[in-house]
Every structure is written in structure tokens, then in C-alpha cells.
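Asks: One letter stands for each residue in the lines below.
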Amino acid sequence: MIKLTRIDDRLVHGQVAFTWTPALGVNCLLIANDKVAKDDFLKMTLNLAKPAGVKLLIKSIDDAVAFLNNEKSTGLKILLIINSVKDAYQLVNSVPEIRSVNFGGIRMNNGSRLISKAVAVSDDDIELIKELLNKGIELELRQVPTEKKQLVESLI
Amino acid sequence: MSISYILIALIAMFGHSEDFLGTTLLSRPLVLGPLVGLVLGDVNQGIIIGATLELIFMGNIKVGAAIPPDVITGGVLGTAFAIISGKGPAIALAIAVPISILAEMVISSLFVFRAVLNKKFNQYADSGDYKGIQRLHILSGILRPIFMGIIILLALQLGSSVMKSFLDMIPAWVQSGLTVAGNMLPALGFALLMHLMFNKTIAPYFFLGFILAAYLKLPVIAIGGLGVIIALIVTQIAPKITDDDEDDFESVADEEPKPVNKIRRTDIRNVFLRSMALEANFNFETWQNTGFAFAMIPVLKRIYKTKEDMAAALKRHLQFFNTSPYGSTLILGITAAMEEQNSNDATFEEDSINSVKLGLMGPLAGVFDSLFWGTFKVIAAGVGTSLAIKGNIMGPVLFLLIFNVPHLVLRYNLTFIGYNTGTKFLQNLAQNNVMDRLTKGASILGLMVIGAMPATLMSITTPITIGSDKTAVTIQSVLDQVVPSVIPLGLTFLVYYFVKNGAKTTHLLLGLLALGFIGSIIHLFA
Numbered sequence: 001m002i003k004l005t006r007i008d009d010r011l012v013h014g015q016v017a018f019t020w021t022p023a024l025g026v027n028c029l030l031i032a033n034d035k036v037a038k039d040d041f042l043k044m045t046l047n048l049a050k051p052a053g054v055k056l057l058i059k060s061i062d063d064a065v066a067f068l069n070n071e072k073s074t075g076l077k078i079l080l081i082i083n084s085v086k087d088a089y090q091l092v093n094s095v096p097e098i099r100s101v102n103f104g105g106i107r108m109n110n111g112s113r114l115i116s117k118a119v120a121v122s123d124d125d126i127e128l129i130k131e132l133l134n135k136g137i138e139l140e141l142r143q144v145p146t147e148k149k150q151l152v153e154s155l156i
Numbered sequence: 157m158s159i160s161y162i163l164i165a166l167i168a169m170f171g172h173s174e175d176f177l178g179t180t181l182l183s184r185p186l187v188l189g190p191l192v193g194l195v196l197g198d199v200n201q202g203i204i205i206g207a208t209l210e211l212i213f214m215g216n217i218k219v220g221a222a223i224p225p226d227v228i229t230g231g232v233l234g235t236a237f238a239i240i241s242g243k244g245p246a247i248a249l250a251i252a253v254p255i256s257i258l259a260e261m262v263i264s265s266l267f268v269f270r271a272v273l274n275k276k277f278n279q280y281a282d283s284g285d286y287k288g289i290q291r292l293h294i295l296s297g298i299l300r301p302i303f304m305g306i307i308i309l310l311a312l313q314l315g316s317s318v319m320k321s322f323l324d325m326i327p328a329w330v331q332s333g334l335t336v337a338g339n340m341l342p343a344l345g346f347a348l349l350m351h352l353m354f355n356k357t358i359a360p361y362f363f364l365g366f367i368l369a370a371y372l373k374l375p376v377i378a379i380g381g382l383g384v385i386i387a388l389i390v391t392q393i394a395p396k397i398t399d400d401d402e403d404d405f406e407s408v409a410d411e412e413p414k415p416v417n418k419i420r421r422t423d424i425r426n427v428f429l430r431s432m433a434l435e436a437n438f439n440f441e442t443w444q445n446t447g448f449a450f451a452m453i454p455v456l457k458r459i460y461k462t463k464e465d466m467a468a469a470l471k472r473h474l475q476f477f478n479t480s481p482y483g484s485t486l487i488l489g490i491t492a493a494m495e496e497q498n499s500n501d502a503t504f505e506e507d508s509i510n511s512v513k514l515g516l517m518g519p520l521a522g523v524f525d526s527l528f529w530g531t532f533k534v535i536a537a538g539v540g541t542s543l544a545i546k547g548n549i550m551g552p553v554l555f556l557l558i559f560n561v562p563h564l565v566l567r568y569n570l571t572f573i574g575y576n577t578g579t580k581f582l583q584n585l586a587q588n589n590v591m592d593r594l595t596k597g598a599s600i601l602g603l604m605v606i607g608a609m610p611a612t613l614m615s616i617t618t619p620i621t622i623g624s625d626k627t628a629v630t631i632q633s634v635l636d637q638v639v640p641s642v643i644p645l646g647l648t649f650l651v652y653y654f655v656k657n658g659a660k661t662t663h664l665l666l667g668l669l670a671l672g673f674i675g676s677i678i679h680l681f682a
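In the order they appear, the protein sequences are chains A and B.
So the first sequence is numbered by the numbering used here: it starts at 1 and just counts up by one.
So the second sequence is numbered by the numbering used here: it starts at 157 and just counts up by one.
Treat the hints as calculated values from the structure; they're not laboratory data.
Treat the hints with care, since some could be wrong.
[What the hints assert, rightly or not] Derived pair list, reagent style DSS-like, types lysine-lysine, alpha-carbon separation capped at 27 angstroms: (1) A:3 <-> B:457; (2) A:35 <-> B:471; (3) B:275 <-> B:287; (4) A:43 <-> B:596; (5) B:276 <-> B:463; (6) B:457 <-> B:287; (7) A:117 <-> B:596; (8) A:43 <-> A:77; (9) B:580 <-> A:59; (10) B:580 <-> B:287.
[Unchecked claim] Among the chain A residues that face chain B by a calculated CB cut under 10 angstroms, a handful are: (11) 14; (12) 50; (13) 147.
In this text, all values refer to a predicted model and were calculated from it rather than measured experimentally.
All C-beta atoms, glycine included, are put in the ideal place defined by N, C-alpha and C.
Bound-form chain B, shown alone (with noise of 0.2 angstroms):
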């Protein structure tokens, strides 16, 4: 068994590499279980735990600071003693869900500890080291795999056979009310995305998404077709409003023609690469800086030759910076150009590149992170979990494709878009209110497939009959020819109504796993 313990651990530690990954969602249950599985022979239980778990942590976002639940150690851990103890998915979920709290706890304080290192990190770029900055910068990012690697191998080894009896000695109906307790949990996740897009005036596309999947049975993949239409359709419609400040933007001083072009195409591509090990050395002082730091450095190379001029621009990029993953090749493009112009130009004010990269890192956080958690991981999400469920491998294919396709050739784009057209090209989307059309098209769209997810998604029936043996009729067929899945769609709401008024997430958690347990004993839910 040593063997396949060792593959697992290596599949948690590629897991928590996500940080040199560009946060592609490689790491999330639904794309480790498969693998998990694989090693231990059985890739269909795989395949369906991952996706139970992926349900269970979708409303799991990391936005800014605020660190989710480890579900790449506790997915993992969870999938390989289900499949062990040839539990099923009920079981993972008992495991990966305190699991991944503890894990939380870990990870955060590795994230603390990395703060120690900036001060190794300020002595390199004072001496315009760069080799220094990238090496420190890989090591520490490397510091997460092989800590938590380390840690799941122990886990395996230490844990396995006193987990397997303990697991053997979980009675039959306990067994059956975790399964009913597991297949509430997903309200949980629904409920925490709509209380991020629910609002009052794109509420219909919610019910418009429910009822085609509950009453056409439409599949997810073309709820997500249809969403992407309605959402051109509608965007495309709205009137477009004109800001009356609209002449403040006019004087926003036009940029210089670029005099001359030192930076290589391959330099800005580079830029891109690197760019996904931005989160690396993700730290709780200065966050994503050496990130930052570590993408811009083919750039600094080029076209800056003597040891002060490299020191100088080091240190600029070893300042605070946090922002979205998926949209920070723009301000690395844009740096990339003010970098060029001010190592052309004598009299270039350096104090304006840090308030641009800093002024811009916000607001662009909050467009790419809403776009990318809000949509693109919402319907590849819905996708990938409503076919892995049924143990099909395309499921987290599909989920990676729908998610990374977009992300990539934006991702790539946008840095020389940054780094070609520089601020004007941000001027041309506030003016023509851009961004206002895509975040409310993105939103229609991301809401409708939530809408399609209770119905698809979570199978929670009553099996109550009423009237005597021979005439009774199940409660659940009357409900199915009126509104069908109307259960699923009932709990989401109500656990929605809780996250609403601020209940916590945990509490929330362990209500439902209760609500589910005893509603399974007491044969009102199955």
C-alpha cells in the first residue's frame, strides 16, 4: 500500500501547487478525485466523490485575503479513505469537511510565516539581485507542496488502518443518513453563490434556469448555452447610459508614442508565463508582491543595465500588491510600457508607476475575480459536477476546458493589450460602459445555471405515502407533477434566507449534515 500512499501524497502536493499553476483550478476536488482514484483502481468512485465534494466546497471562493478551507488536502485525504474503506462518497464528505478546516488553519500560518522572509527578499533587490528574488520566490512556493505533502503521507500511513475499523464500525443507518445529510450539503454551496449574484432584478433568470432543468430537463451544459445567449440578447438591448461626467475622462493625459521598443515580444510573453506563479509566495503582509516582482523581471532584464537602475525598479516591485490572478497580466503589461518609458526617459516620474499598478490592482480585482468565481467557475462548476456525478470522465475535463479556455487566451491577451495600449485601452472600456454590460451579462448568465443546479444537481426526495397500503400514493409523485425538484429548490432558499441574515457558514453546515440525519431516521427525507 506504500506505494500508492507516496502517488497520493505527490497528487496533494501537485494540488497546492496551484500557486505556481495560475490558480486553474488543477486543485479542485472534482480533478484530484479522478486522480486519487485512479491510483487506487477505482477512477468511477473517484470520479463521483470528486464531484460530491465539489458540490459541497462550490461556494468556496478565495477572494482577497480571505482564505477558504482547504479542500485540496481534505478532498484528497477524503476521496482516498472513502475509496479505502470502499465507503463512497457519504463518507468522504464526513472526512474532507473538518479535514480542510484544520488544513485551513495550516496553510494560513505558513502564509504568516512567509511575511519573515521579505526582509531576504528587500536585502536582494537592494543589491539589484533578481537571480536572488526569483530563487527565494520559488522556494518558498515550494515550501506549500512539501510541507502538506508531507503531512498527507503521514496522515495515510499513520491514519489509514484506524480509520478503516473506525469506518467498519459505522453502522448501516448511520451510513445511510450521512448519504442523505451529504446530498443536502450542496444547498449550502448554491446558497452562498446567490447571496453573491441574487438580486432583485435579475432574480428571474434564477427561476428560468430552474424550471429548465426541473420541468424540460434540460441538461446544464445547454441551460449554460442558453444563458450565454439571453445574456448577449439583453446586454445588447440596454439602453446605454450616459454618465454625465463622461468629459472627466477626456482629460486624462493622452500617453506618448513609445520612442523606442527594447522590450521582445518573448519578453512579454515571458511576463505572461511567470505570471502564473504569482501567488506562490502569497504572504499576509505584502501579499502577491514578489509575485509581481518575479513576472516583470524578463521585462526589468531587458532594458535595464546597470545594478542600480535594476535595484531601483526591484524594489518598486517588491511593494504590497494584491490582485486578481486572472486579470493581472493587464497591470503587468501596463507596468511592462511605463517600465520602458521610464528607462528612456530621463525625466519619466517613477513614483507613477506604483500609484498606476496600485490604483489599478483594486478595481481590476474586483472585475476579474466577480467574472471568473461568479460565472466561469459557476458553469464549469455546473457542467463538470452534473456529469461527473454519474461517474463520467468529461465531467472534469469539461469543467477544466470551460474554465481555463476563457482564462488563458485572456490571460495572454490582455498582457500585451497592457502592455501595447497601456491605460487607454481601460479609458475605451469605462467610457463605453464596457465593464457595466459585462458584469450584468456575466451575472444573468452565472444565476441562471445556479438556477439549473437544485434541480439537477441535488437529490433530495421524501419517500411519506399517504392513504392505506393498496391506494397509497408517495407524497414525492404528487410533488413531482407539480413542481418537481421543488424540495431541493425549497432547502436552497432557506438556507439562502440564513446566509442572507448572517448565520455562519459552519453552523449552516452542521445544521444541514443534522437536518439530513435525522430526516433520514425519521424517514421524512431520502
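Extracted from the complex, chain A is given alone in its bound form (with noise of 0.2 angstroms):
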């Protein structure tokens, strides 16, 4: 069961390991990135910053759909955690199950704008984000559990 979808581009960090962790009762990192699932030393650090007691799985974005549609990951407590608007998409159209994505952080680009503290969205992620709002996903934007959620829709 996937407990929080959310969008961090420093992936695995404080927020995460200490925060939501915690906050959700998740049993399961799944970490869907292509990049980082064919880089070791990346899954090196990875692995330092999993929290004590919790599963982290490193997979490309394929493997992670491949696995979240699979009857076996449904006994898991999953936060996913995707690191762009783009990869969120992708992941959203592929697994069902995804109703709501976690705005965490995205940091300033070239061409992006802040929306927020922690969250920069280019001209192609709104595009993406409006046809997400159109699918009746729920997008929010928090950067810890604590903190009130925001509506992404309302901030672009």
C-alpha cells in the first residue's frame, strides 16, 4: 500500500528519514528514479540515510510501476518517493493506485519559478500539473507532516 506519493529532489533526507517516516508508519522507502537506480555510489548514500528498522528499494521508474501494480508490494507500507514533476506523471498514469502527490521539494532551475519555500516548478511542470488536476489527482504541498497542506492548484 503506498502511504505517500511525494515529490523531493534531495530524495532521501531529514524531512524524510526523520519526519515522515515516522509520521506515516511506513515499513518501505521505494526510491523510483532511473538515474540513481544504475549509479552505485548514489545508492551507497542512500543506504547511510535509511532510517533504522524501514526497507529502502532503489528502482528505475519501470521496476517501481512494475512492482507497485504487484499484488506482493500490497502487504508493504510504501512511501515513494520520486525526485521531478515529470517522473511523478509518469508514475501516476502507470500505477492506479496513486490518488495524491506530496509536493516536498524542488529546487530553483533554470527557467523555474518558486511556488513556494521549497518548491520550483517550470512552464512544463505546470503543464504536467494541470493535467493531473484534470485526472482528479489530489496535489498538495507540504514540506513536513506537521505543516498544513496546501493545494498545488492554488499556488501556480
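Hints in hand, dock the two standalone chains.
Replies: Here is the structure:
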């Protein structure tokens, strides 16, 4: 069961390991990212950050989709982490279980603008966001679980 | 009175310089309270008020860009007004809570504003002008203490007499209501901390801490000591988990031995010292980037002699960066080693420097934030406030020592470990599951101390009696014989339940205040 789908370009860090994991009571962190899945160094660093007692899985987007759509994964309480709106879009389209996406942190890049303290989006992102909203997906913005949900549609 | 106002404003400015001082907890109410007390001629009150505020703001921690209420401004003004009016801790908290929430907004706007400076920083980098970057980093950092200092001085100058006459109007029953309400608030701090650490597997340690404190009346410092021992035993007998994808790590290429060492020991030491100012120019666009560049400059100066090389390096390190300040030196050390390699080897892939940096910053922030906020800070605050609440000056002193001795020793050594062993150190940690054991041990220890807190740091009792005058028995005396401190414990769990179910912190704060206040008026709580 996916407890939360979170966009966070730092993937696993303080907010994830220290606030989201205990707050959601998850037992599995699933990182879906094509680049990281191929990079042993990044995998090693992410393994360091893994909170105690939690399983960490790092998969390419395609493998993650297959995993999440597999019956066997329903027993796990999963926090799914991706690092871009684009990947979120792809996952939402391929995994029907995802009905809500949390915007945690996306840093500024050329051509993107901040819509909150820690989230910046580009024009391309906004297109995807609109499509997701049309599908009835909840897009909410919170860095840590104790914050109030802000709806992304009210910020763009 | 003006001189003391200026001194108090200076204390607040000192607190707001924390971003230059390595996030060493110097700005916590437990430390600034006694200083304000000293200026106003009542150190004892300062210590006690500082401890009370520390308890209430205990769960307020800075993780990533989630900025907590500004306890510096709130704490200093609350303590000052309470001492000036002679009203005690309850009034201090009634003032500190709203002020800290307002002041947080001011600070957040500063963090937004600072993003404007990024253009200037980039111009300096383009021309290899590291001195410009240093200057602007420091100037922008000083903005915060100056700005907040002025606000606080004005608040004192204009607000004191109004505040005093207003506080004098408060009738005694309101004040005793506020005192009870104030005694309830630590439950929120404890609950927020529990929320971070509590889970089924380590729950027994919470109750162990509670029992040691409630029945055996052990002081927090003893429970902390026991916690260390238990954590060591548990993590040593825990079976080593063998990861099946262990060979993944084998493929990580070994680092080449460094051919020429241009960087000197003193450079690395300077990197450590400068890492203290990592967050001085914290902003919401690029976060700690200029702090990282600022800390790297001693190394860059040593290895890059041409303007072009320097400019390229500065630009590299002005990219977005954010990590836990406590573990930042490890990344700085590793980066220093890579920069040195880059300066020696023309074929070195420059992009790899930033990819390693960015790869490490998130994971290490996770490790170090939980270690320092979840364990060291909890123990330091537990021991410190339990002494300070009785007016003992050793409270703030131990608070700083318990946190900063491990912090600074680790932070200093990590700079050298990072530089000398690079990512190999991390690979070793990953292979031997060190982190898993460390985080488990740290959460056991932290949770034991949190368990002790409701029993030692919250004094909520009930004055209800049963029976007629002569044979009257207070319910409290019955409770004390069965489960001492059961009311604080129950309250903590009640708040924890709400926190877990997503209640907003401000709502809980107001709810607890109301519960305490009304409970005091109807003689349910005392």
C-alpha cells in the first residue's frame, strides 16, 4: 500500500527520514529514479540515510511501476519518493493506486519559479500539473507532516 | 533602564548570530534566559524562565527549510518583560509564544529577500573574486542580528511601560490559571518529540525511562547514562544484517592515491572553522550555497592559482546546497579532496564534484539531523532543564556541554576524515551497517530520556478530594501511590494521539492552554 507519493529532489534526507517515515508509519521507502537506479555511489549514500528498521528499495521508474502494480507489494507500507514532476506524472499514469502527490522540495532551475519556500516549477511542470489535476489527482504541498496541506492548484 | 534595554537587544543579537556560530544551541531560551536575567539583576528568575520556555519550545526544531517559531525573539522579550514586571514564568510564556510566531514571519521574509543577492554572488564568482563572496556572505549574515536587534530594542523601548501596566491589571486568578496552563504546555513538546521517534519496536524504552523517573526518582542525567549503556548493549547483540545486494558496493571504484598534497592541515582546519558560518546567508532559493563556498575558500585559494580556475570552482560551489550543519564538514572534506584531485589531474571530471556533493547532502542530512536533534538535543535539554527549572546555573552549562562536546569533536574530525579517506569512509559505514546500529542506539537513548520527561519536568496535579473534611483523601495522594506522575503521562499521550492524527501544532497549543486555564479555575488541576 502506498502511504504517500512524494516529490523531493533530495530524495531521502532529514525531513523524509526523520519526520515523514515515523509520521506515516511506513516500513518501506521506494525511490523510483532512473539515474539513481544505475548509480552505485548514490545508492550507497541513500543506504546510509535509511532510517533504522525500514526497507529501502531503489528502482528505475519502469521497475517501480511493475513492483507497485504487483500483488506482493500490497503488504508493505510504502513511502514512494521521486524527484521530479515528470516522474510523478509517469507514475500516476501507470499506477492507478496513486491518487495524491505530495510536493516536498524541488529546487530552482533555469526557467523555473518558486511557488513556495521549497518548491519551484517550470512551465513544462505546470502543464503536467494541470493534466494531473484534470484527472482528479490531489496535489498538495507540505515539507513536513505537521504542516498544513497547501493545494498546488492555488499556488500556480 | 535604557542601558539594560540595549544590553538585552545585544543578547538577542547574539542569539540571532547563531547562523555564524555553527548552530550550537547558544540561541536557545535556556541559554539566553539567564543572560537576560543577569542584565536585569535576577539571574535566578532568568534561569527558571529560560527552562520553562525551553520545555515549551522543545519540539521546535529546524529540519530543512521548515522554519520553526523564532524562539530567540520570543524568548528574550518574554523573559525580559516577565522579569521587569515581576510576574514569573507563566507571563513569560504568554508573551513569548505569540511573539515567536510573529517573528518567524519576519525571518522567513529575510530568507526570501536574500535570494536577491544571488545575482551579485554569481557576478563575483564569474570574475573569480572570492573576497567579494566572503564579504557579501558575512554582510548578508549580519543583516539578521542587526534587523532583529533593532526590532527588539524598539519593542522594549516602546512596549515596556505599556506592557507593565497591562500585566499589572491581570488579576491573580488569571495568573494562576496561566501558571497551570504553562505547566501543561511541555506535553506538546514531548508529544512532538515522541512523534519523531516513537514506534512499536522501541516503545518499551519510553516506558523504561518513565518508570525510572516516576518510581525510582532517578535524575535525567542518570537515565541518560543508563540509556547509553542499554543502547550499547542492544546494538552490539543485534544480529548483523547481511544485505543481499552487498556486492553492489564492491563496484564503487577505489579512489586513486593522491599524488601531490597541496592542501595543508591548516587549510582543512580553516574549512572546519568556516563551516560554522554555513547558514549565515541561508535563503529560500539556493539555501546554504554561499556558506559552502565560503567554507571552501581556504582550500580553493591554495590549489587554484589562475583567475579562470578560481572562477570555475566558485561557480561550482554556488550551486544549491543544503545539509545538516552538524555533518557538513564531512562533505566539505570530501569536496576538498576532489578539488585537489581536479587541480592535479587535467582529465578529472569536474562534474563529479557536484554530483558527489549533491548525492551526499540529502542522506547525510537525514543521518545527522536525527542524531543531533533526536538524541543529543533531547538529552541535553532533558538534563539542562531538569536542573535549571530549580534555578541551578549548571542547567544551561550542562545543556551546552552535552550537545556541543560531541558536536564539535565530531564536526572537527569529520573534516579530516572526509579529506583523507573520502567516500571510502562512507562505504565502510554502509558495508558494516554502522548507520543502522547508530540510529537504532540513538533512538533508544533519546526515547528513554523523553520517557523520563513527563515525570521529571511537568508538574500537573489534581487538588480534588474525596470524603468529608476529617477523612478527606486527595485523589493525588492515591494516584501517587499507584502511578506517580500519571497525569503528565496521560496528557503527553493525549497530545501525542492528536499529533499523530494530524492536528495542527497551534491548535494543540491553544487547546492545552485552555485546558490548563479552565482546569485551574474549576479546581480540576493545579
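Asks: Would you mind marking each hint as holding or not holding in the structure?
Replies: Going through the hints against the structure:
1. A:3 <-> B:457: violated (48 angstroms)
2. A:35 <-> B:471: holds (24 angstroms)
3. B:275 <-> B:287: Judged against 27 angstroms, a Cα distance of about 16 angstroms means the pair holds.
4. A:43 <-> B:596: holds (21 angstroms)
5. B:276 <-> B:463: Holds, because 18 angstroms separates the two Cα atoms, which is no more than 27 angstroms.
6. B:457 <-> B:287: At roughly 10 angstroms apart (the allowed maximum being 27 angstroms), residue 287 (chain B) and residue 457 (chain B) satisfy the hint.
7. A:117 <-> B:596: violated (32 angstroms)
8. A:43 <-> A:77: holds (21 angstroms)
9. B:580 <-> A:59: Cα-Cα ~24 angstroms, so holds.
10. B:580 <-> B:287: violated (33 angstroms)
11. 14: holds (4 angstroms)
12. 50: holds (7 angstroms)
13. 147: holds (7 angstroms)
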